[in-house]
Amino acid sequence: MENSPVITANKPAKQSYDRSLQTFVLSATTLSLAATIVFFAVVAVLNIDIPNRIPIAFTVIPIALLGVIYNFFVWPKIEGRYPFGSTYISLSFVAICLIIGVLLSGGLASVYFPVLVILVMASCILGARACLISSSGLALFIVVALVLNVVNTNKLNLFIPEIFYSLIAVIFGLLVARAIDHYVETSHLATTITNQLDSTQLSERLMLAAIADPVIGVNKKLEIILFNSAAEDLTNWSTKDAQNTLLSNVIKLFDSNDNQTTKSNNPFLKVFSTGEQLTTDEFHILTSSNAKVSFSISVAPTFDMQNEINGAIAVFHDISEQKALQRQRNEFVSTASHEMRTPVAAIEGYLSMATNPNLATVDDRAKNFLEKARNSALHLGKLFQDLLSVTKIEDQRLNDQRQVFNMTDLVSQVASEMEIMAKKKSLSFYSHIGSEGAGNKTELVVAPQFKVNADPDRVREIITNLVSNSIKYTQSGSVDLTLTGDRNNIKVAVRDTGIGIPAEEQKHMFEKFYRVNNSMTREVGGTGLGLYIARTLVELYGGRIWVDSEPGKGSTFTFTLPLVKS
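In our numbering, the protein residues as written are 1 to 566.
Note that these hints are calculated values from the structure, not bench results.
No experiment lies behind these values; they were computed from the predicted model shown.
Note that beta-carbon positions come from the ideal geometry of N, C-alpha and C, so glycine has one too.
A couple of the hints might just be wrong.
[As the list claims (entries may be wrong)] PhoX-like cross-link-like pairs, simulated, lysine-lysine; straight-line CA separation at most 25 Å:
1) 252 / 292
2) 472 / 507
3) 252 / 323
4) 472 / 491
5) 323 / 367
6) 553 / 423
7) 451 / 491
[Unchecked claim] Here are the computed distance ranges between Cβ atoms for each label pair:
8) 290 / 423: 56 to 62 Å
9) 349 / 317: 46 to 52 Å
10) 376 / 508: 24 to 30 Å
11) 238 / 322: 43 to 49 Å
12) 544 / 378: 26 to 32 Å
13) 39 / 132: 44 to 50 Å
14) 417 / 306: 56 to 62 Å
15) 308 / 259: 19 to 25 Å
16) 275 / 324: 18 to 24 Å
17) 550 / 317: 37 to 43 Å
18) 225 / 189: 22 to 28 Å
19) 565 / 317: 36 to 42 Å
Could you build the full structure based on these sequences and the hints that come with them?
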């Protein structure tokens with residue numbers, strides 16, 4: 001699973017929140033300072049009996065006026081650079097006024113001291129940092145007040161109740177401040193995530209709209225959760241209507257036999273079961289006018305936070321034109337191959353008659369020329385046969401006459417035929433049925449019954465291709481043909497002592513027209529179709545084929561087919 005994106009605080013959202021908080025604190029401090037000015041002005045004018053009212057008024061009122069001037073004229077100029085400091089200075093003007101009032105009206109016993117404690121608690125709205133600064137200031141003030149009380153009274157009065165509720169207030173304020181900080185951070189993160197999700201969804205919608213191929217996403221229930229504009233054009237369904245609708249109700253996929261997909265061949269279900277990306281061009285859809293539209297479908301699984309598959313995304317690429325061109329090409333090759341096989345067969349027949357001493361008399365030199373011409377005609381006939389087989393396979397026009405037969409009999413027949421070909425090249429040929437021999441002799445064992453369900457002519461073609469390849473590319477040594485089986489599959493292996501195949505070439509061996517590039521392959525010649533045909537036929541019958549090889553030590557081509565169980 002890919003790494004999740006790192007989510008950082010959304011600066012604009014945080015600044016917006018802080019600005020709102022600063023405005024609230026500024027308004028509160030301005031009102032408090034204004035109320036302080038009015039209060040002490042009234043006290044001074046009306047001679048209300050408050051201890052030290054004149055010194056308090058003459059000290060507090062100028063400080064409060066400075067605070068109001070700061071709030072209106074200085075704060076707007078510095079709050080952008082110092083948001084916390086500028087706001088805390090505004091709060092400090094109120095604190096200074098209260099501290100002066102408390103000191104001049106009885107210290108810790110003053111009626112203004114609880115108000116100072118409340119102010120410290122109120123500073124928690126600015127967060128833990130402000131609350132810690134205010135609490136430290138309160139602690140320092142209490143120490144100074146206790147010292148001044150001792151100096152003035154010559155007695156030590158600890159003011160236990162005042163200190164106790166001050167301590168409780170500080171602890172409560174710190175808890176509230178931490179909760180507020182956590183809330184603010186969570187709010188900022190939530191806003192950030194929302195903004196990023198909105199931005200991601202917008203980007204996804206723009207990207208999906210820009211993709212020319214239909215893109216469809218489904219969940220594990222095969223309900224559509226993603227649908228781009230190209231998919232709308234393909235299905236005539238709007239994104240709104242397609243959302244949360246079963247995929248089979250919106251788009252119907254048909255296989256090469258014009259049968260609607262089932263659970264066994266549904267590409268989405270295959271991806272869910274394997275967890276791997278799947279690309280296939282086996283399906284098409286029918287338009288409203290019953291026209292076939294062929295697609296190459298790439299389906300990839302999606303994963304949740306626990307790395308479990310929670311759906312899949314498919315991209316449909318229209319390959320109708322490529323399919324049409326391929327059909328035209330295959331039809332041409334098929335027609336040409338079919339028409340050319342007859343004259344080539346005739347040429348090969350006449351050449352065979354010309355080299356037959358009972359039918360014609362030619363000297364040795366002419367006979368050599370005729371033999372080479374006949375071998376070339378045979379090679380050309382094999383080329384046409386392979387091309388015809390390939391086109392039939394790709395157009396799914398293969399004449400596949402399946403039946404249950406015994407592989408033991410077929411392998412024995414092929415072994416007898418290919419032994420003659422091997423002897424012509426002075427190679428030893430061995431067959432092992434029921435066991436994997438060491439290659440030193442043909443083993444005689446009780447022939448087991450290996451029943452498979454396939455076209456025996458096609459299976460014969462597979463084995464013949466593999467054995468003839470081994471004989472062609474083996475200059476000396478031996479070729480072994482073995483047939484073994486277990487409870488589920490039969491296994492046919494062709495082992496030789498030939499030139500071998502480099503590791504980097506082996507993965508391409510079963511591709512169409514692919515040939516290993518070395519001097520011997522160029523001398524021997526070939527079409528590069530035999531192994532491709534063998535692989536296609538093996539997979540058609542539910543088996544698999546592979547090669548094990550090492551340069552200079554020979555190769556082993558192996559394929560399996562499922563057994564027919566009684």
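The hints, checked one at a time:
A C-alpha spacing of about 12 Å is found between residue 252 and residue 292, which places the hinted pair at or below 25 Å, so the restraint holds. Straight-line distance between C-alpha atoms of residue 472 and residue 507 comes to about 21 Å, which keeps the hinted pair within the 25 Å bound. The suggested pairing of residue 252 with residue 323 holds, with an alpha-carbon distance near 19 Å, which does not exceed 25 Å. Our distance criterion of 25 Å between C-alpha atoms is met by residue 472 and residue 491, whose separation comes to about 22 Å.
At most 25 Å may separate the alpha-carbon atoms for a hinted pair to count; residue 323 and residue 367 exceed this at roughly 47 Å. Taking the CA atoms of residue 553 and residue 423, the gap is near 21 Å; set against the 25 Å cutoff, the hint holds. Restraint check: the Cα-Cα separation between residue 451 and residue 491 comes to about 12 Å, which is no more than 25 Å; the hinted pair holds. Range check, residue 290 to residue 423: about 58 Å between beta-carbon atoms, so the 56 to 62 Å window is met.
Restraint check, residue 349 to residue 317: a C-beta distance of roughly 48 Å satisfies the suggested window 46 to 52 Å. For residue 376 paired with residue 508, a C-beta distance near 28 Å keeps the hint of 24 to 30 Å intact. Checked against the given bound of 43 to 49 Å, the beta carbons of residue 238 and residue 322, roughly 29 Å apart, lie outside it. Between residue 544 and residue 378 the beta carbon distance is about 31 Å. The supplied range of 26 to 32 Å therefore holds.
Look at residue 39 against residue 132: about 30 Å separates their beta carbons, and that is not inside 44 to 50 Å. Taken as a hint, the range 56 to 62 Å holds for the pair residue 417 and residue 306, whose Cβ atoms sit roughly 59 Å apart. In this structure the supplied range 19 to 25 Å is violated for residue 308 paired with residue 259, their Cβ-Cβ distance being about 32 Å. Evaluation of the 18 to 24 Å hint for residue 275 and residue 324 yields a failure: the beta carbon distance comes to about 35 Å.
Between residue 550 and residue 317 the Cβ separation comes to about 39 Å, which falls inside the hinted range of 37 to 43 Å. Separation of residue 225 from residue 189 is about 26 Å and conforms to the stated range, judged on CB atoms against 22 to 28 Å. For residue 565 and residue 317, the Cβ-Cβ distance of about 40 Å falls inside the hinted range of 36 to 42 Å, so the restraint holds.
Checked against the numbered hints above, the structure breaks hints 5, 11, 13, 15, 16 and satisfies the rest.
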